Amino acid sequence: MLSIKNLHASVEDKEILRGINLEVKAGEVHAIMGPNGSGKSTLSSVIAGKEEYEVTDGAIYLEGEDIGDLAPEERAHKGIFLSFQYPVEIPGVSVTNFMKTAINETRKAQKLEEMPANEMLKLIREKSELLEIDRKFLSRSLNEGFSGGEKKRNEIFQMAMLEPKLAILDETDSGLDIDALRIVANGVNKLRSKDNAVIVITHYQRLLDYIVPDFVHVLYNGKIVKSGGKELAYELEEKGYDWLKAENV
Amino acid sequence: MDLKDKLLSSFMAFEERVDVNAELHNIRTNAIKNFENKGFPTKKEEAWKYTSLNSILKNNFSVFPKQENALSYTDVKKYFIHDIDTYKLVFIDGIFSSFLSSTTHDGLDVCLMSSALTKPKYKEVIDTYFNKIANTDDSLTSLNTAFAIEGAFINIPKNKVADKPIEIMYLSTGNEAALMVQPRNLIIVGENAQVQIIERHQSLNSNPVLTNSVTEMFVQERAVLDYYKIQNDVQTANLIDNTYIAQKRDSNASVHTFSFGGNITRNNLNFYHQGEHIESTLKGITIIGDKQLVDHYTLVHHATPNCESHQNYKGIFDGNATGVFNGKIYVEKEAQKTDAFQQNNNVLLSEKASINAKPQLEIFADDVKCSHGCTIGQLDESAMFYMQSRGIPKKEAKALLMYAFSNEVIESIKIQELKSRITKLIASKLGVNMGFDL
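Chain order of the listed sequences is U and H. Note that the numbering used here has the first sequence beginning at 1, numbered continuously upward. Note that the numbering used here has the second sequence beginning at 1, numbered continuously upward.
FYI, nobody ran anything at the bench for these hints, they're computed from the structure. Being a predicted model, the structure only gives us computed values, none of them experimental. Using N, Cα and C, we set each Cβ at its ideal position, and we do this for glycine too. Don't take every hint at face value.
[To be verified] If we take Cβ atoms under 8 Å as the criterion, some of the chain H residues that face chain U in the derived model are:
| no. | residue |
| --- | --- |
| 1 | Tyr330 |
| 2 | Lys333 |
| 3 | Cys374 |
| 4 | Gly377 |
| 5 | Ser382 |
| 6 | Ala383 |
| 7 | Tyr386 |
| 8 | Gln388 |
| 9 | Ser389 |
| 10 | Gly391 |
| 11 | Ile392 |
| 12 | Glu396 |
| 13 | Ser428 |
| 14 | Lys429 |
[Claimed, not checked] Think about it this way: if two alpha-carbon atoms lie no more than 30 Å apart in a straight line, the pair counts; the simulated DSS-like pairs of lysine-lysine are:
| no. | chain 1 | residue 1 | chain 2 | residue 2 |
| --- | --- | --- | --- | --- |
| 15 | H | Lys66 | H | Lys44 |
| 16 | U | Lys50 | H | Lys44 |
| 17 | H | Lys414 | U | Lys136 |
| 18 | U | Lys239 | U | Lys223 |
| 19 | U | Lys108 | H | Lys33 |
| 20 | U | Lys165 | U | Lys5 |
| 21 | H | Lys132 | H | Lys33 |
| 22 | U | Lys111 | H | Lys44 |
| 23 | U | Lys78 | H | Lys394 |
| 24 | U | Lys108 | H | Lys419 |
| 25 | H | Lys328 | H | Lys49 |
| 26 | U | Lys136 | H | Lys58 |
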């Protein structure tokens with residue numbers, strides 16, 4: 001599904017990713033953990049195609065295709081989805097209209113007809129129930145005045161609507177109370193299948209109790225310094241990240 | 001001969017031709033004298049600091065059209081709100097076109113300024129209202145007054161609700177190499193009466209046009225006026241719009257200005273309060289590029305207690321475009337409990353675009369609520385990335401942001417067909433088709 005080879009990336013000439021290698025197969029869940037400033041959010045932004053990051057070496061392949069030159073929307077059309085750590089407020093655009101535009105632009109890019117209005121409504125109803133989202137919420141301006149939990153739930157609602165092949169959840173758990181965390185994790189789990197993959201970026205192990213990873217990677221100083229199974233997450237939770245710093249001076 | 005001299009020397013011939021009565025002759029003579037003294041405004045004047053007319057005035061404008069020009073409705077249909085029935089006052093190169101118009105005297109007057117100025121039955125109305133709130137000090141208003149003969153005359157009598165909107169359309173054929181027109185409109189909305197009016201100026205080819213328009217509107221007790229200006233003219237058209245509105249107690253007047261085109265567009269929009277519990281709304285959307293300039297110069301004169309005014313202007317500037325917003329709120333000592341609000345938000349899409357924003361609050365009362373806010377920003381890059389990451393291409397994402405930015409103004413348009421027309425115009429300005437109305 002996703003293959004990252006020796007990825008180096010910089011922002012304003014400051015190198016943040018220093019040679020990342022990662023293989024994610026269909027059906028797998030990978031967790032990327034690491035201390036603040038280790039490059040976790042940069043990695044997710046670079047995969048999604050944020051233009052202010054410059055890839056200086058290495059490559060990212062999605063289903064064998066080098067996506068390095070694709071714009072963010074083209075990557076989205078190919079099935080990459082990024083759940084933002086800090087979703088952006090867009091006053092004046094309702095959640096519903098935003099989703100309609102996103103879905104129909106994606107279909108247009110895939111040479112499909114626009115989704116009929118009744119089908120769209122049905123899909124919205126179905127997916128909003130999955131995330132326990134109130135109908136009134138959908139006519140509000142996107143993320144404007146949403147609580148932290150509402151924003152994250154709305155991210156996963158968008159993911160459910162777009163049905164991506166590869167979903168990257170960037171600190172989706174931060175700021176979520178345990179009920180919201182359960183709803184969000186439940187939403188993600190219902191969307192998991194043998195054909196898609198999930199990368200969970202998190203600081204803490206707690207989310208991984210709900211979205212159980214097949215692999216856990218530790219990112220430090222722009223490199224993956226350790227990989228293992230889900231037990232690695234417990235080890236990290238117990239020991240903190242300080243031992244990494246000692247080992248990788 | 002420069003344009004000023006040409007206008008001054010044409011004045012006598014004009015007066016002979018229009019055969020005016022003594023009162024009008026006096027008004028015109030004073031007006032031309034004021035224009036002669038002051039001339040065209042220059043950047044040395046504070047009110048014209050950011051907008052120079054020099055480049056326009058170099059054109060060799062004809063000051064009267066040489067001939068009547070005809071147009072077929074199919075040629076100009078697209079400029080009208082053609083999906084609904086409206087009264088129409090259509091002028092071609094400044095001359096009334098009875099063929100394209102749809103006037104009435106049945107229960108309300110939707111007719112011509114030239115009839116109102118010359119027919120005895122309108123003498124009382126003209127004596128009461130003509131040139132009564134237009135600023136007689138202002139040189140361009142005076143210039144218009146000196147040559148005022150044609151335009152819209154609308155009189156909605158007491159308790160009458162106009163049964164359909166009125167469209168005022170000024171078309172320029174371009175049959176003259178360069179043409180100056182000076183429409184003069186007088187609109188009276190009687191006590192407890194209501195009307196919706198749409199005004200548009202449109203050139204049909206690229207010969208230069210300079211329009212110096214004056215509109216006086218009187219909104220009487222408890223009357224409601226909704227006025228919409230569509231400014232989406234060609235690159236060689238210039239418009240100086242001088243609008244004066246006097247409101248009586250409990251009346252409600254709104255003016256929406258949609259500026260999407262033209263070379264230089266200057267909107268002098270003035271509201272005067274003459275009673276308590278008045279509500280005034282001034283809203284605008286400006287979306288321009290290239291070397292276009294749109295200059296909004298607004299005044300709300302709060303002279304009486306317990307009145308409200310709301311101003312909300314949005315501007316999107318691309319290319320080398322220039323925007324000006326000068327919003328003056330004047331609150332007299334007597335105007336206690338005034339609630340005056342002014343908001344001006346701008347987005348600059350290119351490094352060469354610019355906006356000059358200047359709120360001016362002069363408050364002499366001590367128990368008022370006055371606020372103003374002005375923002376100038378660029379396109380929100382993080383919002384762009386967010387939308388793109390959901391599969392919305394850059395151009396559409398930009399348009400969606402701009403739509404959303406303008407939405408506060410669009411949503412208060414009361415004529416549904418006009419609202420969808422404006423939405424479409426914005427979409428075409430932004431080069432997209434969004435497939436839904438916000």
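*Against which earlier hints does the structure fall short, listed by number upward?*
1, 2, 3, 4, 13, 14, 15, 16, 19, 22 and 26
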